[in-house]
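Peer 1: For the protein sequence lines, the chains are A and B, in the order given.
No gaps in the numbering here: position 35 of the first sequence is 35 in my numbering, and each next residue is one more.
No gaps in the numbering here: position 155 of the second sequence is 155 in my numbering, and each next residue is one more.
Hints are computed from structural coordinates only; laboratory data are not their basis.
Be careful, since some hints might not be right.
A short, non-exhaustive set of chain B residues, derived as facing chain A with CB atoms under 10 Å [unchecked claim]:
#1 VAL21
#2 SER22
#3 ILE90
#4 ALA189
#5 LYS191
Here are the simulated lysine-lysine pairs, DSS-like style, with alpha carbons at most 27 Å apart [stated by the list, open to error]:
#6 B:LYS218 with B:LYS197
#7 B:LYS191 with A:LYS39
#8 B:LYS166 with B:LYS57
#9 B:LYS105 with B:LYS131
#10 A:LYS98 with A:LYS16
#11 B:LYS105 with B:LYS166
#12 A:LYS16 with B:LYS191
#13 B:LYS105 with B:LYS43
#14 B:LYS71 with A:LYS16
A virtual CB, placed ideally from N, CA and C, is assigned to each residue, including glycine.
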Amino acid sequence: MSRQQILESINASTLKTDVPTMDIGDTVSVQFRIVEGDKERLQAFTGVIISRHGRGIDEIMTLRKVVDDVGVERVFPINSPVVAGFEVLRRADARRAKLYYLRDRQGKSQRLRDRRRGLKHVTKITSKA
Amino acid sequence: MAGVSLLGRKIGMTRVYENGVSFPVTVVQVGQNVITQLRTQEKDGYSAVQIGFDEIKPRNSTIPMIAHDHKAGTTPKRVHREFKVDAKDIGSFSLGQALTVENLKDVPFVDVTGTSKGKGFAGVMKRWGFKGQYASHGTERKHRSPGSIGSLCSNRGFGGGLAKGKRMAGHMGDAQVTTRSLPLVRIDAEKGLLLVKGAIPGANNGVVMVRPAIRLYKSKAAKAAGKK
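With the rest of the complex left out, here is chain A (with noise of 0.2 Å):
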């Protein structure tokens, strides 16, 4: 075996093939385990992706919502045994690769534009829900 294989090996049992098309701009909710004393229990998390960075077991996405005009940013890794599922609720036109800008916007102006892209993609989005 070559030294990519061993560690694509080593990464294959902790990488998630269930991971749903998740675009920069998508409204996504995650769901995550959280563990209070000996008690395990799912959380969700909702926000728009602002930015998706690494590749493979190094994936990492950051959510980013707006509670009570206080922006709130997560950061989760794709493929952590913590984060349980991925909800895409909406998907949305993103011209950059990074929303930061996202960070700058008040009120109305933070809101993203439906993304259109054909009953092809619909289909793909209620079959994974």
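Guided by the hints, dock chain B onto chain A, whose structure is given.
Peer 2: Same frame as chain A, now just chain B:
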């Protein structure tokens, strides 16, 4: 069989999750090590075990080395290293015996010895962390120079000159480095892999020696105790 060291090849770094916590790990491929010689108190004045690692074509080895490995009943090996063993424990090792990652099964921390990446001829800022000189205020062509290296009265070695070991520019890297007390995160016996937390010396594909940690730093020991 306490205190077994193993030779391996640095594969690269990745990330593994243990109980939801991400660990940066370096993968070391050990495969199989073979005991090629036993050093004994009577014969050699010290007791140690010599191990061989990595298959090599006979034509790339030398006849004395092929014969040496043959005596242990094994094929030619590329790398041979020794690790010390207490005289009373040497009886538990035998010539030609195979050592695998299983021998490090109950070891929580390891030391990893390798050859660091060569940096070539490096200046004092890179090599020793000197601050260099001002960027402006009249400094010309001396921004990364060491400055004064001493006067007649300071820093003098015995007999007039500068003290030996005065930190100056010179060759950096490509030297033996040991990283101590790294937690052993996982062992893959099937593939003969060790997953060590953190970085280890040298480039990928470099040969490293892994031994049980000989000393545990207090902070790391406390962390390990807290984990269990």
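Peer 1: Next pair to validate is LYS191 (chain B) with LYS39 (chain A); report whether the Cα-Cα distance is within 27 Å.
Peer 2: Distance ~35 Å between LYS191 (chain B) and LYS39 (chain A) Cα, so the pair is violated.
Peer 1: Take a quick look at whether LYS218 (chain B) and LYS197 (chain B) sit within 27 Å of each other, Cα to Cα.
Peer 2: holds, 17 Å
Peer 1: Is the hint on SER22 (chain B) kept, meaning its closest Cβ partner in chain A is under 10 Å away?
Peer 2: holds, 7 Å
Peer 1: Between the alpha carbons of LYS98 (chain A) and LYS16 (chain A), is the straight-line distance 27 Å or under?
Peer 2: Holds: LYS98 (chain A) and LYS16 (chain A) sit about 23 Å apart, inside 27 Å.
Peer 1: Hey, LYS105 (chain B) versus LYS43 (chain B), does the alpha-carbon distance stay inside 27 Å?
Peer 2: violated, 31 Å
Peer 1: For the pair supplied as a hint, LYS105 (chain B) and LYS131 (chain B), is the alpha-carbon distance within the 27 Å limit?
Peer 2: Violated. LYS105 (chain B) to LYS131 (chain B) sits at ~45 Å, over the 27 Å cutoff.
Peer 1: For the restraint on VAL21 (chain B), tell me whether the closest CB of chain A is nearer than 10 Å.
Peer 2: holds, 9 Å
Peer 1: So, as I understand it, the hint says LYS191 (chain B) touches chain A; can you test that by seeing if any CB pair is closer than 10 Å?
Peer 2: Where the cut-off is 10 Å and the nearest Cβ of chain A is about 7 Å from LYS191 (chain B), the hint holds.
Peer 1: For LYS16 (chain A) and LYS191 (chain B), compute the direct alpha-carbon distance and say whether it is at most 27 Å.
Peer 2: The given pair, whose Cα atoms are some 22 Å apart, holds under the 27 Å limit.
Peer 1: Given the hint that LYS105 (chain B) pairs with LYS166 (chain B), does the C-alpha gap stay at or below 27 Å?
Peer 2: violated, 44 Å
Peer 1: Are LYS71 (chain B) and LYS16 (chain A) close enough, with their CA atoms no more than 27 Å apart?
Peer 2: This hinted pair is violated, its Cα atoms lying about 49 Å apart.
Peer 1: For the restraint on ALA189 (chain B), tell me whether the closest CB of chain A is nearer than 10 Å.
Peer 2: violated, 14 Å
In this structure, the earlier hints numbered 3, 4, 7, 8, 9, 11, 13, 14 are contradicted, and the remaining ones agree with it.
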